[in-house]
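Asks: If you read the protein sequences in the order shown, they are chains A and B.
FYI, in full-length UniProt numbering the residues of the first sequence are 1 to 324.
FYI, in full-length UniProt numbering the residues of the second sequence are 1 to 1121.
Quick caveat, the hints were computed from the structure, so don't treat them as lab data.
There's no promise every hint is true.
What the hints assert, rightly or not - Computed Cβ-Cβ distance ranges for the label pairs, DEER-style:
id	chain 1	residue 1	chain 2	residue 2	range
1	A	K6	B	S258	20 to 26 Å
2	A	S189	B	R795	39 to 45 Å
3	B	Q150	A	G20	50 to 56 Å
4	A	G285	B	R658	23 to 29 Å
5	B	I774	A	S189	16 to 22 Å
6	A	K6	B	E842	19 to 25 Å
7	A	Q276	B	R309	39 to 45 Å
8	B	T768	A	Q276	26 to 32 Å
Claimed, not checked - Just so you have them, the derived chain B footprint on chain A, three or more residues with Cβ under 8 Å:
id	stretch
9	71–82
10	122–128
11	151–157
12	236–245
13	266–279
Values in this document were obtained by computation on a predicted structure and should not be read as measured data.
Idealized CB from N, CA, C, for every residue including glycine.
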Amino acid sequence: MGRTSKDKRDVYYRLAKENGWRARSAFKLLQLDEQFQLFQGVTRAVDLCAAPGSWSQVLSQKIGGQGCGHVVVAVDLQAMAPIPGVVQIQGDITQLSTAKEIIQHFEGCPADLVVCDGAPDVTGLHDVDEYMQAQLLLAALNIATHVLKPGGCFVAKIFRGRDVTLLYSQLRVFFSSVLCAKPRSSRNSSIEAFAVCQSYDPPAGFTPDLTRPLLDHSYDPDFNQLDGPSRIIVPFVTCGDLSSYDSDRSYPLDLEDGSEYKYTPPTQPPISPSYQEACRLKKKGWLAKEIHPQHHPISRVDTLPQPLATPESHTLLAPEMEDN
Amino acid sequence: MDALEDYVWPRATSELMLLPVTGLECVGDRLLAGEGPDVLVYSLDFGGHLRMMKRMQNLLGHYLIHGFRVRPEPNGDLDAEAMVAVFGSKGLRIVKVSWGQGHFRELWRSGLWNMSDWIWDARWLEGNVALALGHNSVVLYDPVVGCILQEVPCTDRCTLSSACLIGDTWKEVTIVAGAVSNQLLVWYPAAALADNKPVAPDRRVSGHVGVIFSMSYLESKGLLATASEDRSVRIWKVGDLRVPGGRVQSIGHCFGHSARVWQVKLLENYLISAGEDCVCLVWSHEGEILQAFRGHQGRGIRAIAAHERQTWVITGGDDSGIRLWHLVGRGYPGSGVSALSFKSHSRPGTLKAVTLAGSWRLLAVTDTGALYLYDLEIKCWEQLLEDKYFQSYCLLEAAPGPEGFGLCAMANGEGRVKVVPINTPTAAVDQTLFPGKVHSLSWALRGYEELLLLASGPGGVVACLEISAAPSGKAIFVKERCRYLLPPSKQRWHTCSTFLPPGDFLVCGDRRGSVLLFPSRPGLLKDPGVGGKAGTGTGVSGADSGSGEGGNAFVGWGPVSTLPSLHGKQGVTSVTCHGGYVYTTGRDGAYYQLFVRGGQLQPVLRQKSCRGMNWLAGLRMVPDGSMVILGFHANEFVVWSPRSHEKLHIVNCGGGHRSWAFSDTEAAMAFAYLKDGDVMLYQALGGCTRPHVILREGLHGREITCVRRVGTITLGPEFGVPSLMDPDNLEPGSEGPGLTDIVITCSEDTTVCVLALPTTTGSAHALTAVCNHISSVRAVAVWGIGTPGGSQDPRPGLTAHVVSAGGRAEMHCFSILVTPDPSTPSRLACHVMHLTSHRLDEYWDRQRNRHRMIKVDPETRYMSLAVCEFDRPGLGPLVAAACSDGAVRLFLLQNSGQFLRLFAETFHHKRCVLKVHSFTHEAPNQRRRLFLCSAATDGNLAFWDLTTVLDCGSNALEPPEDPGLPYRLGTPSLTVQAHSCGVNSLHTLPTNDGHHLVASGSEDGSIHVFMLAVEMPELEEAVGEAEMVSQLRVLEEYSVPCAHAAHVTGLKILSPSLMVSASIDQRLTFWRLGHGEPTFMNSTVYHVPDVADMDCWPVSPEFGHRCALGGQGLEVYNWYD
């Protein structure tokens, strides 16, 4: 497996590098825009959880460069390499100060579009991952209620797992149109999709409050059942036309358009990931190692505790054995 | 909706579950394990044996268990009864159990209390429970009534990733919260002046650069440990956390894991951490690693528990396995390595070779030709003999068997061999066998009756000496029985030998990597041509030199069967016979299972050892029935267990090129090697086993990608199938003969697993695993299901052919044979025989004109498989594969699976093909027609008529563009745009009126159902030679757009009026068909996330249907028809 194998397996990864996008997810926003004309008439846009910045790149290209009054603000907890035409805020989206700072950059005007492509680092435990993703989305929604103009649009990543219908019902409270969209550049094998919420219309009497987290709904026996027929499943839209590349397909390195393949290094490697120190230590062989018995003289054989016999246990799931 | 409809038929109930173990807790000698919403209660005895007491089902509804908190009893007695708070996600339930004297009873359970937010920690505060919730708030909850008594938020409502509650009363309760900002926040909920008034954090502690996943507080020493995403564990000196304003001091920053750390636990003297790298590390409080426990497979260890009195650590993995480890004794029962102090003035010369005769006598020879004995019990050296003929070059090999039979053999560079009785070295017998160097020596022992010594000389000649002892035991007799001739090669000598039971043949391995079968008494064979062919001295191998028989220059008997270069150029290192099979190991890093059928060696299965260990040196069967592999991993000698994936013994010996010896008995093992002119000895009690115990076997290390049911075996009462002892729990239909379903699962962990799922006990047994794939396995298909004795034979059993395929364009074909075996827990044994394999790029490498062809992308993944069986005997079957490079490929399997070749392909879809499905159409007076349906990521279904593809002159196929390339499949008979995006499930069912119901489920959550009509042109029109072409037509078509909230990955039409679907949104839904649009009947929430496949089958009228869901775990449902 050479460095080109990922290029072969994932055509969008490769195209992103070749087109200077920081991540393949740039295509997802482009394809969402193709379907929903998200950027039409947008002058002020916010990119939440922006790092590494591919969506900000798209926003700055589509909105930022169009003259005065067009502002793109990118917010992330982590540092991000600068992008021309994008105002960056390194801050926490759960803080009121961040919302105020965003509005400040818009000179007091609310935003037309809020996007959030953030995802937690998945742990592999599905319920935790889905919960953390939902909290990220709700935090994004919470700050969006502060900065979004009525009628504005909100796009955020969702994991379509067990409790995604609870998120749909929460989003429905704030937007008159909620759709689930999946761009063709998102793989079939991935459970990610995007909630495209249009026409921001908070319920009467709602006052935005960042000091209180928005919580996801719980199942309701009447209109959003756990296992009954009435679950809130919003319409699903596939974005991007069929002529676009298939993200699940493996393509040969020489694409059909005749361009010759040339390896491109990643556009923007991650800035100080959390595992940096561990990797540095590992590279130098400085990770703590266990002490092997040979390094310690252990006196005599007969002082050791009697070992145990391993029982025969090829059974994955034993039957219950009760002797009463 | 009225109540009646709530119980609409059919209703699926969960029968068994194999999920990641997400919670573990030791309570006295009980172990609680959380698996999905169920709690498994085990009892542990002193020996570390685990006995399942009870599965408490469905404690948390659709939530998964993340922890238990046992209510501390004032008298400290938890042996008889306990009150347990079970929590996970947003759910909490209290259950009161009685478990004294081996009896388990659930006394009471509270309601399932739903919180508004995630529960990160729970703590008993007298009768109530304090809960740390997801957005940094603490709730005091009455778990009996089910109401919030008080809720106190922090002023900082950040999202948490972990929390730890400390204190025994609400007044002193302290929360340490791990925020997503990587900080620790310490605050005191009781400081709230009024209810719901936020409390400011008392302290903020920074240090980690990643999210904190777990913490543990040790009150007695005032220590706090945290585990983080940044792959480190930190130890903090915090003092008494219940006192506000204390100092927090980082006293240890431990890097030892190679991935994220999920769990940490502080014990009085140790710190235990475990993580994504599947390693459980034991640290001292000073941050020094004392032990590393390795063995779990897959995505990590999710739960740890400690039994401090017994000093055990128990870990639960993502692979659903549970293991027990010993904290003391450093895990290794080995006494380490000791030098035997050979060097002395009285013992001149340097050591050349070492061997072990049994487990307590060691023999070594020097370059002066002196043979020494070292008794491991008396611990002293003794010279046995000295012979100048054995100077400088000397081979030394002790006889096998208990205490080495008291014999050893030496051989020199001039063809001389000496057999030495160790107790009476003066009775040694010398023989000169060859005019040149003896290259190798090996023994073969048959019971106590026959002992052979094989010596390889020049020219590939192997002399076979028969050794016997005089009844007095004082003298031995050495008689040359015969000579064998090895196939020619540069390094032409044998390396190992053993008797093939019952003893008519010898199995040998040679330096060229071949495995050979020789008759053990070729002289008794009347006609040498029958049993073995004699070779001549011309150096031609025995196999093709029949003409030389009876000639003057007879050199030796050739092998009757050869597997040439089975282990590659580095040679075979050992042969072992066990349980009807021959096992060989080689320096290619693999071990083979073989058997002898009709006098011929046949490979059954090739298995790889652990990663990086390319020099396998031997294989041993251990008393518990599993095997261990000996080998060299870089400069270490390793005893590795394929069953537990553990390195049981590691000896840093410097590599396998030096002289070494190994011996093991049930009680002890020893490994001796030469280093620095001395003999080094490693010894361990308990043979090759290690006192680490697998409490429960894991299933797959990664996601299950495909589930296929093979068949059902009915075991009568004579096989003693265990049934549930508790008659109250007996489901109707679970009495009577034991039905066991055989199911095959394959996984991203590159293995294919054969499972036995008895219907009576709700248990699951892994019969065998096939590990031939180099990349993830995505699909399996099964065909040719039968019974071992044919349809007339009433004996239970099952045979089937299986083809598996996955990443790196790799496909394997094997057969399985499941037979009753009373010695196993499942009463079944599964024998696997590998038949053939195929890789697309390998196929290209073999083509002669490959420079003119485009190499098929080796990264192509096979997404799905379907077997198309023809009704004419001897033909096919065809295996259709959905490929990620946009092709549907047809492979032809010939010789009952022995030969697989790419036959035809089509790039019709031009997108990643996700599913293929085959079905047949039968109509009176017509040829049975075979159809294939393929579906791609664009939501398009294509139907192909494959009936005539194998006929001569068929126009179903277009000839290849280039000779040597596969045929091209023509245009499809029908295409249907069923969905807007990828199709993840596909199924068909013939209806009574001669049509076919076709159902597909998609990534967008929609289900598409239509009726397909197969129309043949009228017979009058089709007269003549013209081939009949079927016409496919869609009759009725229905779509359910929002059937599920995520990918529909499982779909089965059970009858023309009933369909079942499964999705990643974790719902199993029944649909009514046949009245227009499919209508929702009911759905059940299941617990396996990321379900990739589903299979359903009817079991019996009494038992109803069974359904297996495979994803991140396995769950089996059943319902009554």
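Asks: Please go over all the hints and tell whether each is borne out by the structure.
Replies: Hint check:
1. Between K6/A and S258/B the CB atoms are about 21 Å apart, so this pair conforms to the stated range of 20 to 26 Å.
2. One distance hint, 39 to 45 Å for the beta-carbon pair S189/A and R795/B, holds here, with the actual separation near 43 Å.
3. Checked against the given bound of 50 to 56 Å, the beta carbons of Q150/B and G20/A, roughly 55 Å apart, stay inside it.
4. For G285/A and R658/B, the hinted distance range of 23 to 29 Å is satisfied, since their beta carbons lie about 26 Å from each other.
5. Remark: the range hint 16 to 22 Å for I774/B to S189/A is upheld by a beta-carbon distance near 20 Å.
6. The hinted range of 19 to 25 Å is satisfied by K6/A and E842/B, whose Cβ atoms lie roughly 22 Å apart.
7. Taking the beta carbon of each, Q276/A and R309/B are about 41 Å apart, inside 39 to 45 Å as hinted.
8. Checked against the hint of 26 to 32 Å, the pair T768/B and Q276/A fails, with Cβ atoms roughly 43 Å apart.
9. Closer than 8 Å: that is the beta-carbon criterion, and the stretch 71–82 of chain A has 1 residues meeting it against chain B, so the requirement of 3 is violated.
10. Judged by the Cβ-Cβ criterion of 8 Å, the stretch 122–128 of chain A is covered by chain B as claimed, because 5 of its residues qualify and three suffice.
11. Figure legend: the stretch 151–157 of chain A, annotated as covered by chain B; annotation inconsistent (0 residues with Cβ-Cβ distances under 8 Å, at least 3 required).
12. Chain B is given as covering the stretch 236–245 of chain A, and this holds because 4 residues of the stretch bring a CB closer than 8 Å to a CB of that chain, at least three being needed.
13. Counting residues of the stretch 266–279 of chain A whose CB lies closer than 8 Å to any CB of chain B gives 6, which reaches the minimum of 3, so the coverage claim holds.
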